[in-house]
Structures are given as C-alpha cells and as structure tokens.
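Novice: Here is what each chain is made of, one letter per residue.
2 protein chains.
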Amino acid sequence: MTNTDSGLLPAQPFNEQDRDAVYRAIMTRRDVRGEFLPDPIPDEVLARILVAAHHAPSVGFMQPWTFTLVRDKAVKGRVHQAFEKANGEAALMFPEEKQSTYRSLKLEGIVESPVNICVTCDRQRAGKVVIGRTHIPIMDLYSSVCAVQNLWLAARAEGLGVGWVSILDQNELRAALDIPRTIIPVAYLCLGYVAGFHDRPELEKAGWLPRLPLDSLIRQNGWSGRPDEDFLSTVRQGQAAMAQAHSPAG
Amino acid sequence: MTNTDSGLLPAQPFNEQDRDAVYRAIMTRRDVRGEFLPDPIPDEVLARILVAAHHAPSVGFMQPWTFTLVRDKAVKGRVHQAFEKANGEAALMFPEEKQSTYRSLKLEGIVESPVNICVTCDRQRAGKVVIGRTHIPIMDLYSSVCAVQNLWLAARAEGLGVGWVSILDQNELRAALDIPRTIIPVAYLCLGYVAGFHDRPELEKAGWLPRLPLDSLIRQNGWSGRPDEDFLSTVRQGQAAMAQAHSPAG
Numbered sequence: 009m010t011n012t013d014s015g016l017l018p019a020q021p022f023n024e025q026d027r028d029a030v031y032r033a034i035m036t037r038r039d040v041r042g043e044f045l046p047d048p049i050p051d052e053v054l055a056r057i058l059v060a061a062h063h064a065p066s067v068g069f070m071q072p073w074t075f076t077l078v079r080d081k082a083v084k085g086r087v088h089q090a091f092e093k094a095n096g097e098a099a100l101m102f103p104e105e106k107q108s109t110y111r112s113l114k115l116e117g118i119v120e121s122p123v124n125i126c127v128t129c130d131r132q133r134a135g136k137v138v139i140g141r142t143h144i145p146i147m148d149l150y151s152s153v154c155a156v157q158n159l160w161l162a163a164r165a166e167g168l169g170v171g172w173v174s175i176l177d178q179n180e181l182r183a184a185l186d187i188p189r190t191i192i193p194v195a196y197l198c199l200g201y202v203a204g205f206h207d208r209p210e211l212e213k214a215g216w217l218p219r220l221p222l223d224s225l226i227r228q229n230g231w232s233g234r235p236d237e238d239f240l241s242t243v244r245q246g247q248a249a250m251a252q253a254h255s256p257a258g
Numbered sequence: 009m010t011n012t013d014s015g016l017l018p019a020q021p022f023n024e025q026d027r028d029a030v031y032r033a034i035m036t037r038r039d040v041r042g043e044f045l046p047d048p049i050p051d052e053v054l055a056r057i058l059v060a061a062h063h064a065p066s067v068g069f070m071q072p073w074t075f076t077l078v079r080d081k082a083v084k085g086r087v088h089q090a091f092e093k094a095n096g097e098a099a100l101m102f103p104e105e106k107q108s109t110y111r112s113l114k115l116e117g118i119v120e121s122p123v124n125i126c127v128t129c130d131r132q133r134a135g136k137v138v139i140g141r142t143h144i145p146i147m148d149l150y151s152s153v154c155a156v157q158n159l160w161l162a163a164r165a166e167g168l169g170v171g172w173v174s175i176l177d178q179n180e181l182r183a184a185l186d187i188p189r190t191i192i193p194v195a196y197l198c199l200g201y202v203a204g205f206h207d208r209p210e211l212e213k214a215g216w217l218p219r220l221p222l223d224s225l226i227r228q229n230g231w232s233g234r235p236d237e238d239f240l241s242t243v244r245q246g247q248a249a250m251a252q253a254h255s256p257a258g
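Read top to bottom, the protein sequences are chains F and P. Under this note's numbering, the first residue of the first sequence is numbered 9, with each subsequent residue one higher. Under this note's numbering, the first residue of the second sequence is numbered 9, with each subsequent residue one higher.
These are computed hints drawn from the structure, not numbers from a lab. For clarity, every value in this text was computed on a predicted model and none was experimentally measured. This list has only true hints and no planted wrong ones.
Identical chains share a label here; the pair holds if one copy fits it or two copies do between them.
Capping the alpha-carbon separation at 25 Å, the derived lysine to any residue pairs in SDA-like fashion look like this:
id, residue 1, residue 2
1, Lys-136, Glu-210
2, Lys-114, Ala-203
3, Lys-114, Pro-145
4, Lys-106, Glu-212
5, Lys-136, Gln-178
6, Lys-81, Gly-42
7, Lys-136, Ile-146
8, Lys-106, Arg-133
9, Lys-81, Glu-92
10, Lys-136, Pro-193
11, Lys-213, Gly-167
12, Lys-93, Ser-108
13, Lys-136, Asn-179
14, Lys-81, Asn-95
15, Lys-114, Ala-99
16, Lys-136, Arg-219
17, Lys-106, Ile-146
18, Lys-93, Glu-105
19, Lys-114, Trp-216
20, Lys-136, Leu-149
21, Lys-106, Gln-132
22, Lys-106, Leu-211
23, Lys-81, Phe-239
24, Lys-81, Asp-223
25, Lys-93, Trp-216
26, Lys-136, Pro-209
Modelling step: build the complete structure from the supplied sequences, incorporating the hints.
Specialist: Okay, here's the thing in structure tokens:
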C-alpha cells in the first residue's frame with residue numbers, strides 16, 4: 009500500500025463484492041430471540057467479534073467498554089429471572105387490547121443461547137475531562153453502543169445471531185453480575201448459532217409496526233427543509249433495491 | 009434460498025472474502041477530521057448509506073431517527089461557529105500542560121466536507137409505551153447511535169470518510185438547524201471523500217491515549233470473574249492478527 013509515510017492508507021471504495029458484503033451484514037442482521045442453537049461458539053470466532061467491538065469509535069479514544077461473558081447456567085438463570093419480572097411489569101403498561109399480543113412475543117433467548125455478553129461503560133476510564141465529551145456527557149455511553157453494533161455485524165458475518173435484551177431493571181442486572189454502581193450496563197446480548205435468520209424484523213412481520221419509508225425521514229439544511237425530489241426518488245429506489253437484493257428472492 | 013416458508017433465511021457464516029470485507033470496514037473505519045476532499049458525493053452513494061443507517065436495530069422497531077442533511081454553506085457556518093465556541097470552552101477544561109496539545113488537534117471538518125448529517129432521535133415516534141423501552145428509557149437514543157455506526161461502516165465501504173463532531177452545545181446545534189426542543193440531536197457527522205484514511209486512530213497516533221489490550225477488558229460470569237487463560241490467549245492472538253491484517257503492511 010502507498011502513503012505510509014504520512015500514515016495515510018488509500019481511500020478507494022471497496023470493490024463491489026466487498027461492498028455488498030458489508031451491506032449484506034447490515035441488511036440481514038436481526039435481533040434474534042427464538043432461533044438459538046446450543047452449538048458452542050469457537051473461541052477464535054468469539055475473539056474476532058470482540059476485537060470488532062473493541063475497534064468501535066470512542067469519544068476521546070477512551071474505549072470505555074468492558075465485556076462480561078456469561079456462560080454459567082446459574083448466572084443466566086438470575087438474569088432470566090430479572091427479565092421475567094420486568095417483562096411482567098412491562099405487559100401491564102400496554103393498552104389492554106395489546107397485552108395478549110405482547111405476551112405472545114418471544115423477547116429473549118438468555119438461557120438457550122450458549123453465550124451472553126453484558127457490555128458496560130466505565131465513565132471514569134479516561135479521567136474526568138475527556139476530549140469530545142466536554143459538552144455532551146452521554147458520548148461515552150454512545151461509544152459503547154457503537155461497540156455493540158460492531159459486534160452485532162461481525163457476528164452476522166460469522167453466522168451468529170445476537171439478541172439485545174432491554175427489558176431488565178438495571179440494578180437487578182447489576183446485582184446478578186456483581187457490577188459496581190459506578191459502571192453502566194449498556195447492553196445485555198444473547199449470542200449463538202441460529203436455525204435461520206428472519207427475512208424481516210419480527211415486529212414488522214408480526215404487524216406491530218411497519219418499516220417507515222426512508223424518504224420521509226430526511227430533511228435538508230434545517231428541520232423544515234426537504235431535499236429535492238430527484239434525491240428523494242433516488243432514496244426510494246435505493247431502499248427498494250437494497251431490500252430486494254437481500255430478500256429471500258434476491 | 010431455502011426456508012422461505014417459515015420466513016427464515018439460511019444462517020451460514022459468510023464466505024471468507026465476504027467476512028473479511030466486514031472486518032475490513034470495521035478495522036479501517038476512522039473518525040475523519042482533516043483529510044476531506046471537496047468532491048461531491050453521488051446521490052446513489054448517499055442514498056445507500058442512508059438505507060444502511062435506516063436498517064439499524066431499533067427498540068420496539070420504532071425507527072426513531074431523522075437525517076438532516078446539511079449542504080448549505082451558511083448553515084454549516086452556523087454549526088461551525090457553535091463548534092468554535094464550545095471548543096474554546098473545552099480547551100480551558102484541560103490541565104494547563106495539555107491545553108496546547110489540545111488546541112493543536114484538528115477536531116472537525118464541518119466546512120470542508122461536502123455533506124454534514126445531523127442524526128436525531130424522536131422519542132415520541134411510536135407513542136409513549138414502546139416494547140423494550142419500558143425499563144431502560146435511553147434505548148431509543150441507543151437505537152439512533154446504532155444507525156450512526158451502520159452509516160459509518162457503509163461509508164467506509166464506499167470510500168467515504170465520516171467524522172463525528174461532539175464538541176457542540178446541543179441547544180446551539182438545535183438553534184442552527186431549527187430542531188424542535190422535543191427532538192434529541194444524537195450525532196453531527198461530516199461526510200466526504202478523503203485524501204486517505206489514517207492507519208490508526210489519530211488520538212492513538214498523537215500519543216493522547218494508547219489502544220487498550222482487549223484481554224484486560226473481558227470478564228466472565230460476573231464482574232470479578234475472568235475467562236480461562238486459553239481464551240484470553242486466543243483473544244490476544246486475534247487482536248494482533250486483525251490489527252496486522254488491516255495495517256499498511258498487512
């Protein structure tokens with residue numbers, strides 16, 4: 009490669025196959041709950057997806073994440089209990105006519121998946137004043153979320169499913185894993201090989217909410233501005249083409 | 009493809025080339041500040057990376073994001089002014105001996121990059137009670153961050169650099185873009201083709217902070233537990249191998 013004197017690597021686009029592989033990971037990634045297989049995850053594979061997580065962007069390069077792997081059945085059981093309690097509370101928050109649908113949804117695979125990972129954020133890791141966090145303190149939590157998304161996409165490329173369990177009381181999760189009060193649990197993830205990936209997000213398939221048309225979510229030069237119709241038409245075509253390319257028939 | 013009756017797509021790992029393409033996007037993604045070129049971004053390319061963002065995971069499938077493109081010089085100028093003000097305040101927060109280093113760092117490319125994108129979160133988009141957000145209300149902001157990371161990786165595959173500007177007062181950013189008070193600005197991004205990508209994160213190259221050894225960030229079955237030495241050794245080898253594969257010499 010060139011440009012190494014300046015420490016700059018060449019910036020060409022990926023070739024078409026490589027680019028499409030990145031888009032395939034993005035478009036076919038799913039939040040997995042019900043399809044986990046018990047097959048063990050090889051150490052090399054788990055290591056690679058953790059490296060991917062660790063190379064997420066982080067504010068001030070603070071790398072605030074910690075990855076707590078959970079393989080022990082008793083520990084998973086404690087987390088599952090915390091989920092059950094929270095999920096019972098959650099069901100009651102929905103309008104009565106939606107409660108039975110809610111209860112019919114499978115929302116986690118804590119026990120079935122061979123490995124769970126709790127991704128946390130240590131807000132003190134780089135001291136009090138952090139470049140880029142001076143005005144938006146939440147940036148370190150956002151960095152940990154970027155690590156989650158890297159992990160998720162890497163897992164998809166490895167053929168592994170990931171499910172993010174967010175129906176948990178944070179303090180009960182802390183208690184189940186002995187996480188100190190100063191550490192923020194950002195994501196509790198279930199990982200494993202899967203029987204298959206759903207062709208669309210499950211809540212979309214269940215008719216809970218529709219996929220929004222992307223062109224309705226784009227503004228320009230300010231909240232009340234809109235891009236020109238040519239661009240919006242390109243967006244509509246792009247959304248249709250990418251959905252098609254990564255559908256069962258695509 | 010098979011399994012379409014159940015709506016399940018096959019779950020094999022990607023082949024090696026495709027898998028490595030995903031890892032290449034992850035490992036060579038950079039936070040770009042100083043290398044933007046003025047070349048315009050074709051509509052098709054910008055559309056694809058927005059589709060990638062839109063296919064991020066979102067809590068309760070609420071898709072809470074909006075993308076405000078900024079191309080207008082005057083609008084960019086207002087955001088840049090907000091950055092300058094915040095950055096001046098930020099410099100003074102560091103210990104005196106670090107202030108000159110801080111001031112020497114280039115921390116944004118707002119004006120030079122052809123397109124800026126403000127990614128926001130509309131917390132009300134799916135009503136008050138959202139599946140998965142009942143116990144951790146911040147989940148919708150996290151969903152918007154996942155969209156940012158998808159966009160960033162897609163951009164890398166397209167040969168586009170992205171820089172996340174977080175040294176901004178949120179209310180001044182809102183004012184510059186007429187964003188309503190109920191909408192949360194999550195990320196202000198600068199996008200464009202680049203002269204090259206740095207071989208390592210700039211703060212690492214500048215000696216601000218080192219890359220942490222990943223094995224030190226992994227725990228097991230609880231905060232005080234550690235995975236066995238075999239696994240940690242595999243992690244060390246994986247981190248070294250992936251860094252090497254995506255280095256200038258790799």
